[in-house]
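Student: From first to last, the protein sequence lines are chains A and B. Just so we're aligned: the first sequence equals residues 548 to 853 in the numbering used here. Just so we're aligned: the second sequence equals residues 246 to 665 in the numbering used here.
Hints are supplied without guarantee of correctness; some may be wrong.
[Said to hold, decoys possible] Residues on chain B that point at chain A, a partial pick, calculated with CB under 7 Å: (1) 318; (2) 323; (3) 441; (4) 444; (5) 491; (6) 492; (7) 494; (8) 623; (9) 627; (10) 639; (11) 642.
[Unchecked claim] Below are the DSBU-like pairs computed for lysine-lysine, each with C-alpha atoms no more than 35 Å apart in a straight line: (12) B:656 / A:707; (13) B:271 / A:707; (14) B:592 / A:707; (15) B:592 / B:271.
[To be verified] Using C-beta positions, here's what the derived DEER-type ranges look like: (16) B:290 / A:678: 21 to 31 Å; (17) B:403 / A:705: 26 to 36 Å; (18) B:593 / A:698: 53 to 63 Å; (19) B:454 / A:641: 32 to 42 Å; (20) B:326 / A:673: 29 to 39 Å; (21) A:697 / B:298: 55 to 65 Å.
Hints are computed from structural coordinates only; laboratory data are not their basis. Every residue, glycine too, gets a C-beta built ideally from N, C-alpha and C.
Now for the letters of each chain:
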Amino acid sequence: MKSRPVAEKKRVLYRLGEVLESYTMLAPAYVIFLVFIFVPVVWAFYLSFFDYSILSMRTPEFSGIDNFRRVFSDPVFWTALKNTVRYSLGTVPTRLVLGLLLALALDQANLWGRKVFRTIYFLPVVTSMVAAAIVWSLVFSASNNGLANQFLSLFGVAPKGWLSDSNLAMFSVCVLSVWKDLGYVMTIFTAGLQGIPLELYEAGAIDGATVWQRIRFITIPLLRPTTFFILVTEIISSFQVFTQTYVMTSGGPGYSTTTLINLLHNKGFVQFDMGYASALAVALFISLLFLSWVLRKVFKADEIVY
Amino acid sequence: MKRVVTAIVVGLVLAAMIVPVSAAKKVTINFWQAGGDSQTAPVMRQIIKEFEAANPDISVNFQAVPWGEDPHVKFQAAIVGGTIADVFTIGDPFQHVLAASGALEPLDKYMSKEMKRDFYPQFLERCSVDGKVVALPWFGDVRAMLYRKDLFKAAGVPEPNPSWTWDEFLTYAKKLTRDTDGDGVIDQYGFGTSGRYVSQYQVFLVQNGVNFIDEEKGIATANTPAAIEAMQFYVDLVRKHKVTPPGITTIALQDIQKMFAEGKVAMFFDASDTAVRFSKEPALAGKLGVALLPHNKAHGAFGGSDVIVMSSQSRNKAAAWKFLSFMVSREPMLAYCKACGFSPVLKSASTDPYVKADPIRKVYTEQMEIGGFFYFKHPKASSMTPVIRAEVQQAMEGTKSVQAAMNDMQKALEDLLKSK
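Looking at chain B on its own, in the form it has when it is part of the complex (with noise of 0.2 Å):
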């Protein structure tokens, strides 16, 4: 009796020993997603449970925001409160808006030079500032042309080939404009695009070899002869040639879509997790296509990235850093891309048959490396969206010409680069 009381009490003396400093060993680390849904949910926290059990010592307290509640705000107020997660991630390219303010932690330190080497140079060229590494990609993403194969067959249209240019494209898109009724109604148009969305004609600008600023030179490029004929290009498509369907100057991209899945628009542009979801899509079985998009003096195709990024005031930096850098490893990271359709961005990662073997990832693979840029990672990049749009949307509408829209962009522009 005397030896069970003895024995109790010395396991309860180790106990007390023990508990107080395995709870001080263990971390708890925030991580908030921005653009987290119902529907990334299970895997995210999939992946978390992974990293917990090979982290014993390590939990994780996961919190997603869904786009539409502006997580980029949520963040941005909780790193002023002080309050923000040690590990988030968020939409390219608010890094660098981020990082302009010191909020980031340089990731340099703890990445070995496998590591670097992994990455697909061009995206975590896209996280760094002044050759400092502030976030990582996660996962990348670029807009193909989405095409119908059965409306291209009856319009008696060649599919697009992988090196077709402007020409063929205008080309095309008014063969596939058409009533196809007999009605006397136009019902079927060759492009579908929306004045709303910068990514739907910037990449016009990068097709002719230039953009709306320079960045490098921190200079606006508006007004260049190059910047204009790309943008006359574009507005033709609607007001001369009249191959797009009507209000797209202010239509929303699910709209697009719409048009699309009935047969209403031949082509558009979209990321690939919207040629994913198509692609299971019973009543376009066997009619969807994806291509490369034409090119005229380069090859450009808008890209997006969501970045991981360690906060600058974390308390638990080893740690944090312990789940960035499993987060953005092959395995995790294909198994968030498969679950969303997205694209990874590790080179190592494209050894899968999800990133070779897939038709449609295939595309969207060799699209990323011919022609993938991104918005501008200028800190005014999100003060430049309003003005770029409104000029647009008036020369497609015809309130503006081309011309007396894009040297009033460009002067907005430049207060813009001027303004601190």
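Okay, chain A solo, but in the shape it has when bound (with noise of 0.2 Å):
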């Protein structure tokens, strides 16, 4: 048997050593990833067919789907959906069309300033949601001096309760929230934006069309891809919406601005019924899951080539 070439030999050892190096790379960040996110995940799963209270010291007992049973049977679980539907209806669009229209207008190559205004546009993005949230609650005040109910005092509206009327407390969260991560949509939209090819333009500017014309049939088409990532991503986030109706409104008035997560936060960290509370998890999972892939059918996001 004659014995392999040296120099492929050689090869192989090359590209061996080459993955090794890849993967002690990659360790740390897998490692990370296993242990906080990936192992608790399994966990939840496990822990929501179970009843379990951290609190007594025994060992989680076997119930089946009862944990399921009494989230849907809660009626503030459902109360606490709405609420989070009503969030994500309020926020995503909102969110979206802003973010094309910031994006669209400072992609202008020739307008003053733009770096500037991106970066002005991104730093609530930074900002700690904190810290955001107890600045917003003081511009929606009740007072007459809040900032809110000053802008009314210019058209003579008489103040409102911002925070305290449960028919307007989820809309103020969700004017702090649009206004905290529309940064981030235009930053996503740029990008996708630069990726789009200038001859198209071009092409389209010799055939006559419009800038609207050219939004309406090269840009918003081929942001398809990008559209569907934020679309997605955004969803999930707005579904876990927490740190701004707990710092806001801690949930009220009444169950106004209890959203799934307060909810979850509140029976898995307050109650310790872990049960309860991975059961409400992995009822999110789920249907995120499968919003997710609806999306990708309405979608078709794959499908651009240029």
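Hey, can you piece these two chains together into the complex? The hints should help.
Tutor: See below:
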């Protein structure tokens, strides 16, 4: 039997070294992912079938689908679901439209100071949500000198209880949330816009397409993968809304701003009822998975070829 | 030369014999404080230093977890994981939650009769489960009435007398709600409160001789006539008499404090640390008054306490007890209370000028003695809070009548009491 040529052997060893090196470099990220995300996720699935209060030091007791039954028969769960959907509908489309408009506006190469504006619009994204929520509670103060009420008084409108009126509280939370994450959406759209070949616009211009037609028939269709990405991630993060409602209203007045994660936090980390909280998390996970799948079908995201 | 070598050898041998022994005798205990922060750290370190100086065989490994970092959740996780500190402090009523699972070492067997007698009984009772002491109170506080003397004077309202009633309170609050600059808009309100905190309205029930639940009988009492009457009184302050500022269903306490400091609110309930802080505020000099709360059928003032406990998992219980008992002894307790503005819970500490001579502290001590009550010590207490809050907020907003809100609350509390 003839031995392999030396060159090939060397190449195999080199490849092996390369593979090992990549895995070593990937290891920290994977370890963190496994320990802090993957294992807890699997554990939450497991716990959702158990009666487990971390207060009683008993081992978890298997309870079948009891936790899910408790979740679905809890009227507060349905209220929280409704509130979360309201929040999602209030923030995601608004952010998408405003984010695209901002990205288009700041994409004009000859616009003065566009980097400055991009930075300004992005700043809220890197601000702590707790700090932002506290500042916006002052803006939405029900007294006459809250910024929002002062603005209304310019038009002779009586001051409103932005955070204390159950018809307005979720709206106020949405306003803060749109402001907070608009810069992120704008940045992703900007990246998407920069990926569209300029020739297409030039060709459009030669054919006599107006600015609106170029946006309508070139930009929007070609931004589809970007839009899909933003839509999915925004819907997922909108279903996880917690900090702003926790800080600004603690879920009130009544249950009007109690979201699914507020309820989950309350069940898991105030009442220590981990079984219920895990079942809620699993239900949330499955509904988001389903929603993403539907969106994927609707968008057929990977069909765009230049 | 030879002698020097011998001396060194003997010395080393002796040292070798002594060192392991003393190393084995030196015990390290872990001590965690819930709610400790950069402001409380210096006094805590000083107290621990004094303890270590008096007990050279024990060293204390101290960690503070601020309230903002959910110390109770962290401690609970450490108990389940078996890494909890030997001694730790928590906020009442969490000791009942922990005691229900056997996480706390009962302390009766360590305590002398004199020691037990020195605690104010209502605080020690608060730390007992089925007659067993599972925690020791470390400091206490109640919420009394803070009021603005200058606004009272301007509105021609007499300052509250110690035996004032709901009627007087309402009359004053109405007179203090006014348009001070004549532009036709109310800019000063008689009473500041918030639907966000159960402590703000549970008082009215207690002052009416009732509560949301009857702890002894283990039943909900939210829709009893007395409870509904008390809640109606509270909701009427907001909706009918309009003596409270707008936005109070969900407002944060610090915003009420701000309005009080700005002179937009004439009265509100708060703990003594706030009163002490305001008394040092130059802008409020001579304007701050502190009074007992009004009463109806009974006196009532929402109290709170931080307690100190020993883990049943501790491997150094003797040393842990030495430290725990030091922490609740007169001098360290007074030192901590003085630094943070709270009330000591030992009778023997009341001889200190801090407790009786200071005009603010005096009112709080008296309020603690008459009518001081605590949040439920039921293990489900923390589950009851969101239920009570949500119903009261709906009544305050007017989306439900008081009667309907209390009926719904009754049902929700009954369900909670029934669940295991």
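Student: Going through the earlier hints one by one, which of them does the structure break, listed in rising order?
Tutor: Violated hints (numbers, rising): 2, 4, 8, 13, 14, 19; every other hint is consistent with the structure.
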